[in-house]
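Order-wise, the sequence lines are chains A and B.
Count the first sequence with numbering that gives the first Met the number 0 and you get residues 0 to 153, in order.
Count the second sequence with numbering that gives the first Met the number 0 and you get residues 0 to 698, in order.
Hints may be right or wrong, so weigh each one.
Here are the simulated BS3-like cross-link-like pairs (lysine-lysine), alpha carbons at most 30 Å apart as the crow flies [as the list claims (entries may be wrong)]: (1) B:K546 to A:K141; (2) B:K588 to A:K148; (3) B:K588 to B:K578; (4) A:K87 to B:K85.
Derived by calculation from the structure, the hints in this document are not laboratory data.
Only a predicted model underlies this, so the values are computations on that prediction, with no experimental measurement involved.
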Amino acid sequence: MAKYSLSINGKIMSVEADDDTPLLWVLRDNLNLVGTKFGCGVAQCGACTVDLDGEALRSCVLPVSAVGKRKVVTIEGLSEDGDHPLQKAWEELDVSQCGYCQSGQLMAASTLLKSTPDPTDQQIDEAMTNICRCGTQVRIRKAIHLAAKKLNTK
Amino acid sequence: MDFMNSRRNFLKVSALTGGGILFGLVFPSFETNDASTALADYMPNIYIKIKPDGKIVLMAPNPEIGQGVKTSLPIIIAEELGVDWKKIEVELAPLDNRYGRQTAGGSGAIRGRYADLRKMGAAAREMFVNAAAQIWSVSAADCIADDGMVIHKSSEKKLSYGELASKAVTMQIPANPTLKDPKDFKYIGTRITDVDVHSIVTGKPLFGIDTRRKGMLFAMIARSPAYGKTLGNVDDTKARKVNGVKNVIKLKNSVAVLATSTWAAKKGRDALVIQWNTTGKLENSSDHFAGFKEILEKGPTTVGRNDGDVEIAKQKATKVLDVYYEIPTLSHCQMEPLNFFADVRDGKVELYGPTQVPDQLRNDVAEKLGINKDNITVGVPRQGGGFGRKLMTDNGVEAALVSAAAQSPVQVQWTREDDMQNDFYRPAEMYRYRAALTANELLAWHQSAVGIGRGIRGDSYVAGAMVNYRSDSQGFNSNTPTGWWRAPGACTMAYVAESFFDEICLELKKDPVAFRLDFFKKAKDAPVGRVGYDPTKYKAVVELVAKMSNWGTTPDGVYRGFATWFSFGSYAAQVVEVKLEDGKPRVTKVYCAVYCGRVINLSGAENQIQGAIVDGINHAMFPKVTFVDGAVQETNFNTYNFLRMYDAPLDIEVKFVESDEAPTGLGEPALPPIAAALGNAIFAATGKRLRRLPFAGQL
Ligand code: FES
Ligand code: FES
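Modelling step: build the complete structure from the supplied sequences, incorporating the hints.
Here it is, written out as structure tokens:
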């Protein structure tokens, strides 16, 4: 066990964990930030996606010891009041079905919009590689376009 | 005591301490003869709770697995009750027999409850109106109810349901409440957002996996790595040394490691040294298919349906089309890996987690632990998908056994590998199809099926419209477990039958839409034997989708496939469009027409249809499970391939045939035809007839 100071959602949080513990489980088990989900553990499904210094990162394969000083943003920190343009677009278009994959989808989409404020369909195809078993992809695509519109007319 | 004039349920009304009111339905078997029994005794079956401050809580009685019933069931109550949807709260009901069938499966929740929930809402509304009329000494006919208020039309006096609650409780329960005229519906048939959407997009702890309780240990379980192997010697020395591991428990055919975190439990589990003994046959998928083929060549033994004489027709034919279709084993892969929380102590059991059958789980745990059902509670959170996997209770039962042995609250967490290696799979199948043809006529249709564990019924169309029709099948023995998978039976049957139909259209140079309409006309005008579907409804969806897609005028560079199927009470017809990108077909658009009776929530209904279509495209294109020596080869998404954004259609246009009939199934019916519609489009684009799922490797 070692002590780590992590920057999560704008706060410094200290945790004690084995150095090989994936950030995902530190978030879920140590910090009770359970919005970040477990789906595969092998960087395939994207359910565990967090924002690490502005990049979408699959936290199930990032050992806590490798996080360092980088800033982590989880779904709980995506916006203060749940009013990020993506969150609003997701609500407006009623994107989710079971909902389980959606926090990962939102985090992937939010990093996409950071680098590409008005993504084309092709850019969405390339950036959004998360799995949704319920098949909400059509609405996710629409919601990203809608959020981009909201962002750009702000 | 008044009864509602309902098929089997009784309305119960009682006061809530402090002046509110409760409405619930009670099943006759739970009814006492004592008319004065306070409703408090029946608390768990409550559907409507109105507090004196006007706050209204509606209960959703069936598990929410992503099919939308936590939203759509309360919409039905809210509609008749006359309340403002934006002001109500929805809660998932706990397990209680008085709610009737609390299952998520078979597209049955709305189908089963629509009529009762409407009547209950209407009866409650009438009681509020009557209460207000008495207070104001006016005629009830001069009052209307809306947005949780009763209004006296001429004087515009108003009282809220909250204010009226204590009076309403004393009103007679109407025996025959007047239902709303559907043209006055405010919510039913409109777009209503999922009640949990805000919690979902803000990452609130909604799911079983998010359960955190005081003193809870995290557990992972080592299970057999192959079907046909059972637990032998266990050496847990290393596992116990892993930081955070608290306990190791040997179960009948598995070993549980309990720890202070999920990661520690996993490391401990992976550190176990276990000898697995071969005690059964170690099977191979390749042997399954070889076995299927052998049976199909000889002819399966069970005849499901036999109209006319297909053999004579084959002799008369100028050509007999004779083809084989192959369907692989599939895993469920619901997005939330299985888990369950259990606390078994002092003869009491608390269970909380993902299940589609809470009632069955309670029975199974009662039996396994020898604890009376009354001492077992089952709580059901929102679930990260179901697809039929959680119609099995193994995850909940196992958690109860671990907790009982450890005498501690535990959450058993499965990894994706655990999930995929210990599933109740959609069984592998093989079909042989034969059509007796002349230059322009289909004389006979002969379908034969072999699958692990089960055969097929043979009543779907073209049965009912063919003079010579035969369907036979045979089960195949295997020790690989099988179960229900979204739209069981229909999901594979539709693929093979509708692909084969397309092959026949090509042989006979018929238009796939027009030729199908011929069959529905025959089934209607000159039916042969039992007709297990409604040809008029089939015709309606086929015509609607043809209109939506402008069938017959394909744009340049676009290739189309068509298919239609009836399942779970509803009809779906689909047109898939593909384009070639780098020589490979890519799905760009899907049109879907659905006949499902009245639509409750347009947004949710459309979401189910779109989701089923993407789900169907995914499973037609990418994944398959292969057994080698009893072991599953594809254990995670790196080998069990799944559809990504690029592979999903850019757009899916959905239309519902307008209908006043009671709602029929929605969670499943759009899935069955899509694989065939896609395969037919791929054929149009590439000239390749794909008779084996999944398609991806063959393109
Ligand atoms: S859980 Fe991390 S990518 Fe699936
Ligand atoms: S909404 Fe269920 S997995 Fe995406």
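Taking the hints in turn, this is what the structure says about them:
1. As the CA atoms of K546 of chain B and K141 of chain A are separated by approximately 25 Å, the hinted pair is consistent with the 30 Å bound.
2. Distance restraint check for K588 of chain B and K148 of chain A: the Cα-Cα separation of roughly 23 Å lies within the 30 Å cut-off, and the hinted pair is therefore satisfied.
3. For the proposed pair K588 of chain B and K578 of chain B, the alpha carbon gap of about 9 Å is at most 30 Å, so the pair holds.
4. This hinted pair checks out: K87 of chain A and K85 of chain B have alpha carbons roughly 17 Å apart, not beyond 30 Å.
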